[in-house]
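Can you build the whole structure from these sequences, using the hints too?
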Amino acid sequence: MSISEFVDGPFWYFSAGVFVIGVLWRLIGMLALGTKTDYSVPRASAASGAIGINITRFFPRRDFWSRIKLQVVAGYLFHVGLFALLFFAAPHVDFYRERVLGFGWPALPEWAFIVFSEIAFLGLMLLILHRMMHPVTRLISSRGDYIGSILLFLVMLTGCLALARSHESLRILHFFLAELLLLYFPFSALMHTFTFPFSRGFMGAYYGRRGVKV
Amino acid sequence: MAIDMNVFRGFAEQIKMLPQMAKPTDCPENQRVQHAKAVFAEKLDASKATQLESCMHCGMCAEACQFYIETEDPSLTPIHKLDLLKRFYRREKAPLRFFHRLFEPEITEADLEATQFLVYESCTECGRCGLACPMGIDIASMVNVTRQGLAHAGLIPAGLRAVEQEQGGRGTVFGVGAEQLKQAVEELRAKGHVVPIDKKKADILVLSSTIDILLFKDALEATVKVMNHLGVDWTVHTCAFEGANFGLLSGYERVQRFASERITSQAIALEAKLVIVPECGHAYPALRWEGANVHGSPLPFEVMALSEFLGREVAEGRLQVNPIGADKHVTYHDPCKVGRHGGVFDEPRAVLEALGVDLREMPNNQAANFCCGGGAGLFVMEKAEPMRNAAFDLKRRQVEATGADSVVTACGSCRVNLMAGAGRTQWATPIESLVELVGANLK
Amino acid sequence: MSCFCPKSGSGSLAAVLVLGILFTWFPASAEEVNPASPIMVPNPAADLWRAVRQRDAPGVGQTQVGGVETGVLIDSAGEDFRNFRRQDFIGNAAIFIGAFAALILVFYFTRGCINIPGGRSGRKIKRFADFDRTLHWFTAILFIFQALTGMILLFGRFVVLPVLGPEAFGVIASACLEGHNLFGPLFLVALFLLFIRFVARNIPKRRDLTWLMRGGGAVGEGHVSSGFFNAGEKIWFWAIVVLGLTVSISGLILDFPIFAQGRETMQLTLIVHGITAVLLTAGSLAHIYIGTIGSEGSLESMTTGYVDENWAEAHHDLWHAEIMERGEPVVEQETEKSETPPIDASPDKA
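Protein chains in written order, with my numbering: chain Z, 1 to 214; chain X, 1001 to 1443; chain G, 2001 to 2350.
Check before you lean on any hint, since a few could be wrong.
[Unchecked claim] Derived lysine-lysine pairs resembling DSS-like cross-links, with alpha carbons at most 25 Å apart:
no.	chain 1	residue 1	chain 2	residue 2
1	G	K2126	G	K2205
2	X	K1191	Z	K36
3	X	K1093	X	K1043
4	Z	K69	G	K2126
5	X	K1037	X	K1023
6	X	K1273	X	K1199
7	Z	K36	X	K1182
8	X	K1225	X	K1199
9	X	K1225	X	K1328
10	X	K1086	G	K2349
11	Z	K36	X	K1093
12	X	K1037	G	K2349
13	X	K1201	X	K1182
14	G	K2126	X	K1043
15	X	K1023	X	K1093
16	X	K1225	Z	K36
17	Z	K36	Z	K213
18	X	K1182	X	K1199
19	X	K1016	X	K1217
20	X	K1217	X	K1328
21	X	K1217	X	K1199
22	X	K1023	G	K2205
23	X	K1016	G	K2349
24	X	K1443	X	K1225
25	X	K1191	X	K1217
26	X	K1200	X	K1086
27	X	K1443	X	K1217
[To be verified] Okay, the calculated bits of chain Z under chain G, using three or more residues with CB under 8 Å as the criterion:
no.	region
28	56–63
29	164–171
[As the list claims (entries may be wrong)] Taking CB as the label site, the calculated pair distances span:
no.	chain 1	residue 1	chain 2	residue 2	range
30	Z	M132	G	G2220	35 to 43 Å
31	G	G2327	Z	S48	37 to 45 Å
32	Z	W65	G	T2110	49 to 57 Å
33	G	G2262	Z	R165	51 to 59 Å
34	X	P1105	Z	W65	33 to 41 Å
35	X	P1105	G	K2205	34 to 42 Å
36	Z	W65	G	G2262	45 to 53 Å
37	Z	H192	G	R2111	48 to 56 Å
38	Z	I3	X	P1105	36 to 44 Å
Just so you know, these hints were derived from the structure itself, not from any lab. The beta carbon of each residue, even a glycine, is placed where N, CA and C say it ideally should be.
In structure tokens:
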């Protein structure tokens, strides 16, 4: 079996399987711990607090803004860029259509793909460097934070290097790293992708029943 | 009556003696880790699990914490306080615990000890960090869970432990018990006030606190005046008058339950419809939000903070006050446990509006206000002094930015910490009590 | 942060040496691209082809294909450009960079590492904020990436291809081109942010002239004054702003050929791009040299943000004086804890 066949075949199925099963296992496992009943009389709705916070938390409070500008701006640049290229870049849409879902959707024009990639790189690089430079993040960051962000950076970089779609080896390199990322995902902090609505929701419920808008 | 500064200074001296009064706990030396773990295992549920799993180590929580902002010490980063809990969770409760165990070392007693300062003396559980967290991690609640683990491992800092042991043992705080309450009542009666005590049945049970009985006597007097002005059926009770809950503060659940159930059972016996918590911070969530859970079922009575009660009575026209006038410029300090954790913001402001004063909000106010630095038992822990001082310095700048002539608050701990800071820095701005302002201006 | 200032050679020194040798070596290979003399065969359609090639008179043919310069069938100037690039530009670029690297080496071996006068004091002052450093390294990483990919695009045919073969080189070159083109606009963003952040500290002042005339203290007796940045650093700042802007804008013209750029425009732009890139690369070698092995105590300013107090006094005395006047903290360690009361974090056990 050639490297190309391995990466397109068994390794893809294996990494996708680990990703799906791992994410579900971890998420369901967390939620299965359950919560205890709160017998206090709520002042307002916990449920609307849980839903509301998932929206309001996207907009940082004015009170903190001056001190967290870099994390917020770079964070959004990265995430918006990433989602745009992950879900709307033509080669990715083609991949989902052919290998995953059986259907696709309209993709971004090439120039927009490039612009969003640059935005994503800008955000990610600033965040990684900030993590290394700032005393707080230097103290609290774990190995996993660096592995995850640098692996993601390499996936994006190899994707960029393969943009000309001229050489199979560049595509395979990108695919291989992406599959490694899928394997790594369920074991890492990248899980925040799926856990954040719940962690926000639980805080929203806590403050919601107390009638505090957070 | 005014504040007797000798008593205030006496308080400070007593606090210095506390560590010597602390007794050993019933946790054997070599079982600290097991005891802590048993508590963590019980407390970690889906809400804490999803939150611990969602941390991206972004550091935004530090930028919200007054202690970090003032000292720029990265070890005071709020999420860093939860390292112990995170490690326990990953090794023992997480869905991927079998994988995490390969990388996370086992918790040791040294780890517990290293966490003590982080969750006790350098954190007031004010919750400001959680407000900044993009993942919505409720760090303050989990700091309390960590306190609970350390408490059961015999690692409550000595000063706080002494007070918790006194409350759990003799049922008093700083020696204030039934006798001292009766004495305070007699003093008030001598001034001509009607003070019902130990009634068999009453609609409203009014709580007090050691700080009010010993130090802020005007607050107690004002409360009495307000209740009589309203003409309601109320009482204080020698079996249940202490609002402060040092079991909650220290994390020692048995004492938390004792202090809370004492009030609940007395209120039930009185067939009370309402329990009023005095001007005290944590006393409010201890009963209002945790009391029912400790009890195991919804409480058959309403619980209100005094400031909340005053606001409601003003809004519904029953509490009549004479306006002081708009040339009194004040700012209002929301106690963290009553405001951010309690949801009481509008009511104290309704009272100030009725009093006709010129209210100037601090640059960071209401849900995002800065902690005074004295909460969560910090004022009885000597190693917390640098933290209290740092928080006060920040708070002072906030107050001065408003140009207000005084700062009004509705919490005895906040008053004590602000007064201590004012004394240390020769700050002339008076710290006033909301209920005292009302009491002095009743129609 | 330990001083990155060895007395004997170091790994990075070896790298500069190797690069210098490489760059001076292969101009010889550039000469080999000229083909051997053509075989003379009478061309029956010579006139036709002369006309098509438009050698004698400029002119554009007519075609149904729409687009820029589609009426040009054979671009004569293209051959001239190709030869210029292959022989003149690549060769001279290599010599220039190599010579520059060699000069740096000579400077290192004669002047040596500029040590902190009086040695380290052990006390540290905060010089660069976290964001300063983040931006610097962001720009540096992007520049190094652009320089490496750019150099492979420029010199790769002569350095990489003979070693790795045409298939492998094809992959590398394609990857480098895509990477170079995608990160180019990001470099402009980085430059812009860097400019905003650092311009206030780089405004030329009268004392900078004195600093320059005295060669930074190399000429004449005694100490020469400097503020936050000295004249040398300010020159570098403005050089990267001007050259960086030029290389970026020329890069954008090349990267987005959708604005009716003709061949001549693209060729000229490529030359401008190449020249400024080479100048920047050479300058960067000097910057990296002086920021690492060339000057004791400099690298840590950008890695930790702190500098030794003696370093500050020696190299930027006016800035040091300002810091002292403002009463800013001087710390023993690289954290900002010195002004706060000591925290007693020892545990209480029962």
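Restraint check for K2126(G) with K1043(X), where alpha carbons must lie at most 25 Å apart: violated, 43 Å
25 Å Cα cutoff - pair K1200(X), K1086(X): Violated: K1200(X) and K1086(X) sit about 49 Å apart, past 25 Å.
Restraint status (C-alpha distance of K1086(X) to K2349(G) at most 25 Å): holds, 22 Å
K1093(X) paired with K1043(X) [C-alpha distance capped at 25 Å]: holds, 11 Å
Agreement of K1217(X) and K1199(X) with the hint, judged by alpha carbon distance not exceeding 25 Å: Distance of about 22 Å is within 25 Å: holds.
Given pair status - K2205(G), K1023(X), alpha carbons within 25 Å: violated, 68 Å
Hint consistency between K36(Z) and K1093(X) [alpha-carbon to alpha-carbon, up to 25 Å]: holds, 16 Å
25 Å limit on alpha-carbon distance, applied to hinted pair K1191(X) and K36(Z): Violated: K1191(X) and K36(Z) sit about 49 Å apart, past 25 Å.
Holds or violated: K1443(X) to K1225(X), with C-alpha atoms at most 25 Å apart: Holds, at about 11 Å.
CB-CB spacing for P1105(X) and I3(Z) relative to the 36 to 44 Å hint: holds, 38 Å
Given pair status - K1093(X), K1023(X), alpha carbons within 25 Å: The given pair, whose Cα atoms are some 33 Å apart, is violated under the 25 Å limit.
Holds or violated: K1037(X) to K2349(G), with C-alpha atoms at most 25 Å apart: With a Cα-Cα distance of about 17 Å, the restraint between K1037(X) and K2349(G) holds, given a limit of 25 Å.
Hints 2, 7, 14, 15, 16, 22, 26, 28, 31, 33, 35, counting from the list given before, are not met by this structure.
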